[in-house]
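Protein chains: 4
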Amino acid sequence: MNLLTQYKTVRQLTESICKPLQKEDYVVQPVVDVSPPKWHLGHTTWFFETLILKAHAKGYTEYDTNFNFVFNSYYESLGARVIRTQRGNLSRPTVDEIYLYRAHVDKAMEQLLAGPVSRELETLIVLGCNHEQQHQELLWTDIKYILGHNPLFPAYSDQPPKAHRKTSRSPLAQIQEGLYDIGYDGDDFCYDNEQNRHPVYIQDFMMATELVTNEEYLAFINEGGYKNFVHWHAEGWDWVRNNNIEAPLYWHFIEGQWFNYTLQGLQPVRMDDPVIHVSYYEAAAYAAWQGKRLPTEFEWEAAADRFTWGACWEWTESAYLPYPGFTRAEGAVGEYNGKFMVNQKVLRGASAFTSPGHARVTYRNFFHPHLRWQLTGIRLAQ
Amino acid sequence: MNLLTQYKTVRQLTESICKPLQKEDYVVQPVVDVSPPKWHLGHTTWFFETLILKAHAKGYTEYDTNFNFVFNSYYESLGARVIRTQRGNLSRPTVDEIYLYRAHVDKAMEQLLAGPVSRELETLIVLGCNHEQQHQELLWTDIKYILGHNPLFPAYSDQPPKAHRKTSRSPLAQIQEGLYDIGYDGDDFCYDNEQNRHPVYIQDFMMATELVTNEEYLAFINEGGYKNFVHWHAEGWDWVRNNNIEAPLYWHFIEGQWFNYTLQGLQPVRMDDPVIHVSYYEAAAYAAWQGKRLPTEFEWEAAADRFTWGACWEWTESAYLPYPGFTRAEGAVGEYNGKFMVNQKVLRGASAFTSPGHARVTYRNFFHPHLRWQLTGIRLAQ
Amino acid sequence: MNLLTQYKTVRQLTESICKPLQKEDYVVQPVVDVSPPKWHLGHTTWFFETLILKAHAKGYTEYDTNFNFVFNSYYESLGARVIRTQRGNLSRPTVDEIYLYRAHVDKAMEQLLAGPVSRELETLIVLGCNHEQQHQELLWTDIKYILGHNPLFPAYSDQPPKAHRKTSRSPLAQIQEGLYDIGYDGDDFCYDNEQNRHPVYIQDFMMATELVTNEEYLAFINEGGYKNFVHWHAEGWDWVRNNNIEAPLYWHFIEGQWFNYTLQGLQPVRMDDPVIHVSYYEAAAYAAWQGKRLPTEFEWEAAADRFTWGACWEWTESAYLPYPGFTRAEGAVGEYNGKFMVNQKVLRGASAFTSPGHARVTYRNFFHPHLRWQLTGIRLAQ
Amino acid sequence: MNLLTQYKTVRQLTESICKPLQKEDYVVQPVVDVSPPKWHLGHTTWFFETLILKAHAKGYTEYDTNFNFVFNSYYESLGARVIRTQRGNLSRPTVDEIYLYRAHVDKAMEQLLAGPVSRELETLIVLGCNHEQQHQELLWTDIKYILGHNPLFPAYSDQPPKAHRKTSRSPLAQIQEGLYDIGYDGDDFCYDNEQNRHPVYIQDFMMATELVTNEEYLAFINEGGYKNFVHWHAEGWDWVRNNNIEAPLYWHFIEGQWFNYTLQGLQPVRMDDPVIHVSYYEAAAYAAWQGKRLPTEFEWEAAADRFTWGACWEWTESAYLPYPGFTRAEGAVGEYNGKFMVNQKVLRGASAFTSPGHARVTYRNFFHPHLRWQLTGIRLAQ
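Protein chains in written order, with UniProt numbering: chain Z, 1 to 382; chain Y, 1 to 382; chain B, 1 to 382; chain U, 1 to 382.
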């Protein structure tokens, strides 16, 4: 796909995700981790405007000088910004004004892409597209959170989701001890955190070829998994008690039956689907209850050709740390990944919300261990 | 005015206040004391539906059973409700849906009012209208807060506000010691907290006939009023330091000049206008700095025919307490006033945002001493 | 009693209150409102040193320049200080060092009192003695809190307390409408907040001649008083739910029986004693449940010769506000009372912990409405 | 050393650390991470009583049934306990009572050790001794915190500390790529988190043979290291700003000179000493400012024979995670390490406060990244 087509495809997908929304849905921020959809629309546009157009498009003038303050996410290099908890307090710019901003930036980008594009510029544009794809996944999860935490439980769509099917014959893949090369070494785009392919020594282990299902997880609930500290990390146990956690996010026990909120509204839990919307603490507690454990991210990558992945992100035991030889780029781009490398856990795979073409076997996603508004599930190792 | 006309006038005013808003402005709640405009629209409607239509209109069926949960404010008697801090997280029901709800209830109310109306019912409807007028004032102050805390400082209107003019000849009114009757005893509507007119003994005092102006208040700022603890209550001083308070709400010092946010956008502070958007702590500190004090609410009422009032609410020294003989009504209506009679200060007068016909010399408004998003100003006594 | 004797009597009583303590008991601060006993010992001494010796005793040199920082309570005029929440973190100065400090100051005070004493100085010394008496009451309540919140429930004393006896024949005193003079006008010591005797108009009312007993209060508990919002102020109801309040402070329900912690250790609740350790919220809720109310402080003072008082402080409905003509003194002494006149409730009477000679019918004690570590009880009016 | 001698040596060292303390110093808890010294005295004793005497000493009766509640630290298996933040609120049991408790348990332990000791029992006793050694280090750091946060800055000792001397000739050790065996495989005591020696593949790297000194760290301060976000993790930068961090813990800038609190009181910072009392965030920011990084724990262990270690704990880049094959023991002992394996960083080495015989090259210490009351320093890798 050429760069212009790639750019337009990505930009259009973002808007099509938002199409079923009411204007009011674009505005709210029910919890700090969730951003208002209109903020995602503006922020991804600001990213292209700030890092590409203002730096590389001759004669480009900033659309609105206030937008840098409104749509900067966390780039300290790029000036002051609305603090994250305040995003849901901004009624202006309006949704319509943000779509105009998008159109303005798209036009300028298309002009830029009509001319010759240096290697450096291409790299930045591809980064911008991948950045927007990441926000597409966040758009899905944030929309789900906004609608799923409304007392009216409105549906986003009335198209039924695909049922999950088991794909493998044998429940366990056996992997042999030895050195495995970990990390990306192809020629296409990857993030800086995947670079520097390097050998890692892994010991014999077994990997489940299927994800833990809702039915299996329900057994953990029913046998008191949330009531017994022995399965939990100390911090996980505090989290369970302080937040009265009793089931995955979006689960509701109504008149004797478990429902969960889906994009189709409140639905009975489908028992064969992989359990999703669990925190790392829950994933690790479930594994401990089973007498097993979560894989490391290295084990996951080494074994990934032995199972099907992509339905949900999979928590690993690994902390999010730099690969050997990792260095931060200069300037704002250098703030992309490195500064988050503490107190977070790596997730591997991809989810039903991941944008087409955005998944890779070496991809390192990361979240704090208590978060569960992403599509996060469990694969066991032992 | 007959009851139907009164009802329609009040209801239409609410909607006309909202007319200049963008849909997004209806949704947000930047601070817990502010409610989203769409919540006010729904809540005032719910009040008529719940206390009048459901109880008194034969055959009326509830518009949407979820709305009781969404639009109840604080009536414990009337069931569970969205907690106050969550109001800004609700994208649904949408603004359009709420206007449909208003239209539905208005139609049912008009049918009810077409028939015979008992004395008891009339009392409730008048209460509902006064209740909605109170929310009209909150709509104004909440809209001002929402727009005035947006980094773009959008204007609500481009019509210039009236300039304030001094009205009195003599700066001080002298009031003689003696017994004064305090409280309402007419035949029209008043709240339960104003009832039971009763004698109060007041000592000689002097009352300023003009409100403190921005110019006068600026002298307090410039002479270090916010830096010197001696003027402040201990709690006021803590509030100043914990919140870095340096001027009234909405004031901004920009390149050597004071501006304040108004419904017309950010404007230079007009020095002759009364200072507004000050807390009780600031009002009391200003008075102490002047070697004076705030009046009690009894002094205010006894002296009110000696000055012009109505530009802003005036903090008094009085705590909000029951008048002799005060009793709470049975049921939900009894939750209207009595349960707030602790830790709040009485304000007297009325403001530019008070709805026509809603002001009375015996009216007792009340807020916590640190709040200042209402139009609150200062009149001195000594 | 001459001034020297008065001084020595007060100072010795403070130390005798502390006598049964272990050194460790002097140090801790289990909650912000409670101060470590060693802090009280030092602070009362610092008060004499700072306001009297340093200002009026020729040639007196400060005992330790750090102690001003350690033992200042809230006097902004007198320099920086250890913040209140940190008092329990200070192991030094040690208890022994503080007793040496007391001895040093006592010796200097006795020398000062051996000479001629000006009227101004006498006033300050009497204030210092009254100040120390206030801290004696706090010593009692803070010691009770420290021991009563220890899981071992150690007793302070093994001497049994006196049983309470009903004293009046008729349960209700009837008071007639009219003007009553309120406030102190004698020649002895009183605080500035009691001064300016002035007429207050009071309407007909009835006053209970007995305090509410534990037995009566238990009926409120048993009939669900803590479970029904209708009896409570909105803030009181929040307080009940946020803190899981189910009974007065120090009450424990153990194997089917109510116990309360007393200075003699954990004891069965004595049903005829007045209920104590209740907050204003509880007092007001109890009164509402009874269809009655709390008296105002003016009613209390007007009726005080009709009942026996002094077993516990009695919550009134009145907010703590200045009397007409109240002005703050210049300097540090002016910080004594006035700056606390917001958001607090007046209590009248005196308690079993009040020092001999410290009680007056015009005395105005004050605390925030949620506090209950003082000996606070309930007298009803209607 | 035989087991009885080992037991007595450890127990006596604990008491000798406390010898210079005043009774008041034993009681306070100025911050949640610090425990009162008397709590350490009791808790280590409770460990022997609960896990050894009650389980293995025939006829042993519990010293005081309340002590389980008071001295349990975090063992969920062993019943309810005083929550950590409340430890400093307990004046009882007194210091004297806790020394009696120690003597009682020591006597029973000595009787037990006089008889035959099974292999299982020996393992538990050695664990108890190592556990007490860990608390000895905490005693040192907690005592330092208690005295060093007192406004009087009392000294613990007047013996001057040893000066630090550089020991190595060459500033960098070069380590070759390859497989290194990591973890303990001797026959003596080690914790479960060090077990399972296993190969780890490490790439070429260089390791500093000296720790970062105060002088070097001061350059980071003076060149604005705490003012520039680029050196910091996002969470580290928040920590710096929210807590106004400007220097290592215990550093004070007084009249143009840097002092730090030491056990000898407030002293000028000695420039040649290793910098200590820095958080992981500071260590990582310092390394980034130098264009270097922290070593992983595997690099540290592989290189440890190339430098001298033991003056302070050294932050590593590694998260605290289980080694391959790690499993938790059954029962309370299983709570020792595994449940803390999330959101913490590994420290390697040992400090001047580490008890004799307690250090090992495979030892894995761990703390949250913001903590700095331990003796924590910086060694660079690249």
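Each hint should be verified, as a subset may be incorrect.
Since copy identity is lost for identical chains, a pair holds within one copy or between any two.
Said to hold, decoys possible - Pairs of lysine-lysine residues, derived as DSBU-like cross-links and limited to a Cα-Cα distance of at most 35 Å, are as follows: (1) Lys23 / Lys8; (2) Lys227 / Lys54; (3) Lys19 / Lys292; (4) Lys54 / Lys292; (5) Lys292 / Lys107; (6) Lys227 / Lys107; (7) Lys107 / Lys58; (8) Lys227 / Lys8; (9) Lys58 / Lys162; (10) Lys292 / Lys8; (11) Lys23 / Lys227.
These aren't lab readings, by the way, just hints derived from the structure by calculation.
For a quick check of understanding: which of the numbered hints are violated here, in increasing order? 3, 5, 6, 8, 9, 10, 11
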